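Chemist: Top to bottom, those sequences are chains A and B.
Per the working numbering, the very first residue in the first sequence carries number -17; after that it's consecutive.
Per the working numbering, the very first residue in the second sequence carries number 127; after that it's consecutive.
If you are wondering where the hints come from, they were derived from the structure by calculation, not from laboratory data.
Note that this is a predicted model, so its numbers are computed, not measured.
Quick reminder that beta carbons are idealized off the backbone N, C-alpha and C, glycines included.
Do not rely on the hints blindly, as some may be mistaken.
Unchecked claim - Think about it this way: if two alpha-carbon atoms lie no more than 30 Å apart in a straight line, the pair counts; the simulated BS3-like pairs of lysine-lysine are:
no., chain 1, residue 1, chain 2, residue 2
1, A, Lys381, B, Lys139
2, B, Lys145, A, Lys452
3, A, Lys458, B, Lys214
4, B, Lys260, A, Lys452
5, B, Lys172, A, Lys426
6, A, Lys364, B, Lys172
7, A, Lys161, A, Lys426
8, A, Lys406, B, Lys172
9, B, Lys172, B, Lys139
10, A, Lys430, B, Lys172
11, A, Lys333, B, Lys172
12, A, Lys122, A, Lys452
13, A, Lys235, A, Lys364
14, A, Lys384, A, Lys364
15, A, Lys430, A, Lys458
16, B, Lys166, A, Lys364
17, A, Lys231, A, Lys188
18, A, Lys333, A, Lys161
19, A, Lys364, A, Lys333
20, A, Lys364, B, Lys139
21, A, Lys458, A, Lys426
22, A, Lys271, A, Lys289
23, A, Lys452, B, Lys139
24, A, Lys384, B, Lys172
25, B, Lys139, A, Lys458
26, B, Lys172, A, Lys427
27, A, Lys231, A, Lys320
28, B, Lys166, A, Lys122
29, A, Lys427, A, Lys458
30, B, Lys172, A, Lys458
Unchecked claim - Some chain A residues flagged as far from chain B (calculated, every beta-carbon gap over 12 Å):
no., residue
31, Asp293
32, Leu401
33, Leu439
34, Gly441
So the chains spell out like this:
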Amino acid sequence: MLIIAYEEMGQIVVYSPSSKDKEDEKFENDFSFYLATEADLDTVLNAIQSVSEIEEAVGEEVKAETIFAASAKAEEEAAKQAPAPAKENAPAKKETKAAAPAAAAKGKTAGKPVTSRTVRVDIEKLDALMNQVSELIIAKNSLVSISSSEGGNFQNQSFHEQIEYLERITTSLHESVMKVRMVPIESVVNKFPRMIRDLSRKLNKKMELIMSGEDTELDRTVVDQIGDPLQHLLRNSADHGLESAELRKERGKPETGTIRLNAFQEGNNVIIEVGDDGNGIDTERVKTKAIERGIVTEEQAEKLSQKEIIDFLFMPSFSMAKQITDISGRGVGLDVVKSNIEALGGDVDVKTKLGEGTTFIVRLPLTLAIIQALMVEIRDEKYAIALGSIQNIEDIPVKDIKYVEAKEVIHLRGLVIPLIRLDKLLDSEPREEEPESLTVVIVKKGEKYAGLVVDNLMGQQEIVIKSLGKYINNNKLISGATILGDGEVALILDVNTLM
Amino acid sequence: MAEIVETTESIKKQYIVVKIGSEQYGIDISYVDNIVRMQKITRVPKVQTYFKGILNLRGEIVPVMSVRRRMGLEDDVYTNASRIIILKIGEQGSLGIIVDEVKEVVTLDMNQIDKVADYNKKVDKDTFIDGIGKNGEELISLFDLNSIVGEWETE
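Next up, chain A with everything else stripped away, as it sits in the complex (with noise of 0.2 Å):
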């Protein structure tokens, strides 16, 4: 991430530890490099203190010929007392001793280029070969509504085959394709216990860190870049948000202070909470900085709402530590993340509730995805649910819905699930007559069921998710739409928003 912001600078001439050895992370806590710009030393050492993994940059500048001459004589013994030329030492976490990272740097331009079994590939030919291959899966889809609706014709077997054939290979294509651009946010999140507990320790408090979600799979891109935000979205809820233990203990909660970041797909996004049971928002105090700030008056003050007064927490520079902490408190923040997390086209909301906790919701696109779909008839619309969220499809004699709490619920194998009818949910046209049975699709978020009515069951396909652009606002209902083999829009049921 480092390397990216300074190659828009210059270029770098020499580095240690290697660029492979980075993407391994097999760094520990300090690297070093040197920088062929025209940027001067202070641009360069501001934008290096600007990610915020980076505790402290060190840089001096150096003529070109010096590194030469410095990397000519090899040896490490010469490199250290050439005292650390052309350098920008930026060491993770703590400061180290200058001289030995470029020591070690001009070692590694004597040894030989290590040799690897990777390629790097421009992410835009993924995408340009990630839209041909959605094409190619809707061209598969009228090929299959094709066959199988003309009936007489193409009841030759060995077309059949065919057919299949085709589908098993642009399934496992589009597969290939999705694995190469998607990793599990796990090499980003696997860091963070150790970094709870080391919060742990130095602010004092006793916390824990639960994680789900860890094998959600993002774009390669995103993962990459949400290491940092997630970062300091957790140091915020150790820091600003959980209180300290006596606190805690007066008002009844349990002294360890818990820390959750969950990971899940929803529809065509990928939602990363971080919450707390700590103090939440106090909007209040918020909104008397901002005054104090002069960011508003006070009349202003008062019309807002208090999700503006939390906006307020995304602005640059607006602190509201009341002390300094190596942790937090430079007013260097939420609005860093919010920028980091708004370039990958995503966004943050924030749910907050004074004396109980705060969560962070940091939605991220994913970009392009094509899914297993339960294809489901509401009336005569067509709307696809995610296979992945499925559990089962039952029969159930309209005798047997029972009532809890005037609500419509099936008891079904020892569990009680309640009934959505979707019809009514998304507007349909009412039906004349009720029938003596309802198809209905159990679906699964979680530990909970919910069991969706539908008219009729159409089959499963592989669909191709598209948005429904920013113009159209739909309380999330829907998640996307996708076309089908015949041309035809169906809609996506996002069932996490269902329940």
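Guided by the hints, dock chain B onto chain A, whose structure is given.
Modeler: The following block gives chain B in isolation, referenced to the frame of chain A:
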């Protein structure tokens, strides 16, 4: 002020003239991507009432808005002349609007256009028009496309 008039005088803009109800409206041609015949619009539940739904435009999903509903007129009646005008506005992507009829393309000089603010000082907040074009005897209300699509957030 005099200077501004002079500089804008030479600017000519092309507008697509459409009919909605009994009125003629002009749409700045630079925003128009495409004009398509009426086709199947898939209803999207729980959206702003003035969105008719979405359609499939050569593999792209395009939301379709009813300008009639947006302006508080009675609902559209589709005829053979009904068209969907696909607009491309900024970064937001495509948007289709339904019109009763597409008539012609006119070129209007800036001095043929009266700004709404000029004749109606108390500009109605709900107006979707930012000017009136005079094409010979005919008057064409010029759509302010930003106000048509812009308020979706606050709805």
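Chemist: Taking the earlier hints as the rules, which of them does this structure contradict?
Modeler: 1, 4, 9, 13, 18, 19, 20, 25 and 27
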